[in-house]
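Using the hints, position chain X against chain Y.
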Amino acid sequence: MFRGIGASIKKEFLLVSRDVHALLVLFVMPLIFILIMSLAMRDAFAEKTQIRLKAVVTCEESTPGAVDFVKKLQREDGFEWSGSCMSDKQVSLAALMKQEKAMFGVSVQKGFEQTLAKSDPESTKIGVLINPEANPYMKTLFEGNVQRAAMEISMVERMSALNPWMSLQEKETALESTKMYHAGYLSGGAANKERPTSVQQSVPAWLIFSMFFIIIPISNTFVNERRLGTLSRLATMNMSVYALVLSKIAPYFMINQIQFVLMLLVGVYLVPVFGGDALVIHGGVLELLAVSSVVSFASISYAITLASWVRTTEQAVTIGGVLNIIFAAIGGIMVPTFVMPEMMQHFSVISPMSWGLESFLDIFLHQAPFVELIPNMVALALFGLILLGVAVFRLNKEMKEGL
Amino acid sequence: MIVLDSVCKRYGERLAVDEVSFSVPKGSICGLIGHNGAGKTTLMKILSALVKPDSGSVTIGGMELSENIANVRALIGYVPQKTSLYPEMTGYENLSFFGAIRGLSGKALQESIDFSVRVTRLEEYLHSPASTYSGGLAKRLNLAIGLLGNPAILYLDEPTVGVDPHSREMILNALSSLRHEYATTILYTSHYLEEVEKICDRIIVVDHGKVVGDDTTANLLKECKAMEVIFGLLPFDAEELYAPLLGLEGVTVAPMKISISEDAIYSALPLVLNELSKRHVRIERIRYGSGSLEQFIEKMKTQGQDTDV
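These protein sequence lines are chains Y and X, in that order.
The letter at position 123 of the first sequence is residue 123 when you use my numbering, and the numbering goes up by one with no holes.
Take the position in the second sequence, starting the count at 1, then add 1000; the result is the number in my numbering.
Don't read these hints as lab results, they were simulated from the structure.
Note that CB positions come from ideal geometry on N, CA and C, so glycine has one too.
A few of these clues could be false.
[As the list claims (entries may be wrong)] Covered stretches of chain X (chain Y as the covering partner; in silico rule of three or more C-beta atoms under 8 angstroms from a C-beta of chain Y):
#, stretch
1, 1247-1258
2, 1274-1282
[Stated by the list, open to error] The list that follows gives simulated cross-link-like pairs (lysine-lysine, PhoX-like), each with its CA atoms no further than 20 angstroms apart:
#, chain 1, residue 1, chain 2, residue 2
3, X, Lys1107, Y, Lys10
4, X, Lys1257, X, Lys1052
5, X, Lys1257, X, Lys1225
6, Y, Lys139, Y, Lys54
7, Y, Lys397, X, Lys1210
Just chain Y, same shape as in the assembly (with noise of 0.2 angstroms):
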């Protein structure tokens, strides 16, 4: 039944190998997107530098308590500050904010050190400017971190009054200890490891589209068969179905397992070296193995069925293709889910590349164990198997009605 397995497999290898489209779809095409999209999205992605808009601070004192109200300020990560209270050159807050192109800006007026301690609103020494057309989630933010930064103040100088024997760091101490929470993070992981960076998202997301792309090869070498004779020839040497199609699967896997190792290489060294972040994978290897084995099992199946049912490589390479740009469009592939509606969200699921671009983000940002990756992966193989029954079925009746 299985016989010229071996020849076979090598046969496809030789003419992908001579197949430059082929390659080009295989091999550069996830590459250039890898490298483009991860230097692009990088500070989309980068947490760090996505919220960090411009800020500026002026200051009509130097006192102690104004320093401290500043430094407070400046160490919210979520902004890129500029001024001081140090600086001799006196500005008003609008001017600085148009001239540093600033979205927030922050005063700490004459006398702002003697009203700490009072809690009368009238008498507050900050003024706070906003540029209009600043994102108000980030106002909120901002406002946020000047009150906080405002009250760390104001306590500390109350514990001052209270207690004036207290050294600053017990007065710092006692403030941390007002904290009311503990933080954590889901899945075991760290901070900041919760959305991808720009490479960890690229890479798993066009490796999958580029091997669901293996469909241009199958489908051209399957059309090609069909239309010279050569599936008759291979049925009246009794090549069975069956061997055909497996024939077909072994050596596209093999293919997508190199698309894999390339490209996993491509984000770890050769990013960085274009200036974006080196992918980091946090997840085991067996892990990453099994979630590329069952997306290779599920592209080629696809790619098996459509070939079998079209007829001339001009449909393959449309309705192939088309359908893989709608796959990644709904799939988080050209677009990330996190930054799609809940509605899209959701409806993202119906993407067989999601599911896969789910599981090597799960590895990647989760250290997931081969547990978690199982509904994904078991998604993954149901597609690929009845798929590939479709179209062992439709080879089938081909064959006996006549090829």
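Below, chain X alone, put in the same frame as chain Y:
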């Protein structure tokens, strides 16, 4: 070796093969001739178990085909009308691949490739990509693939269509040597009478899915001798020349050629020559031999009808 009994095959409303019965003895070369669409390729596909007949029986090598598809296929080499191979691969890679699919490996595979290459004289081109082959070379490679494993039965579906005279000669010689050296049974479809006349022991004539003639080549062709008047390109509309000749019995016209069947030579030849002379057409050659396929088939049909009566 090959026996068909009342085989029918219908594609929708069209009856492609209609109660066809014939047999091909072991070690013979049998020509299956007919116009395009006569049912030759469908018969080839039925014999290769690529198409299942609606009724009738096919016995090959003593085995009923429908019950022994794999065993029968092991006996046959099929050379399809299209050059069914991988153009991106070299001749050798193609032979090596198809040989492995036939179940050959190691020394047996290499010997089989050597045999096929020797018979089709492909040695010089073996390591060039098949996509660079001329039409004739590609057809020779197509034949070489069919010869892998030195099958006892060889089906060839119009193997010389679109082939240059040199390659055609090589293919015909290869088939003759196969029959003489290995007693290969060959079933050969063609619509070139001169080819069939040259290599076949027996001819089966198919028209509209029916067998209209089945006899030895010598017996069939002696009834169908004709004279062909061959001329160059006409400097006027060919219809002007053909119109007065179309009604003449035994005369058929084709581009640059007028055929007159043997029994009409005395009556029609002077008229044909007169028409050509009137229009100052320069005659290049007059040939006497097997007639055109059209004349041949018409003759077979007429004989069949006479027999029926």
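Against the structure, the hints come out as follows:
1. 1247-1258: n = 0 at 8 angstroms, threshold three: violated.
2. 1274-1282: With 0 residues in contact (Cβ-Cβ under 8 angstroms with chain Y), the coverage given for the stretch 1274-1282 of chain X is violated.
3. X:Lys1107 / Y:Lys10: Roughly 19 angstroms between the alpha carbons, so the hint for Lys1107 (chain X) and Lys10 (chain Y) holds.
4. X:Lys1257 / X:Lys1052: With Cα atoms ~40 angstroms apart, Lys1257 (chain X) and Lys1052 (chain X) exceed 20 angstroms; violated.
5. X:Lys1257 / X:Lys1225: holds (15 angstroms)
6. Y:Lys139 / Y:Lys54: holds (12 angstroms)
7. Y:Lys397 / X:Lys1210: violated (28 angstroms)
The structure fails hints 1, 2, 4 and 7 (numbered hints given earlier, in ascending order).
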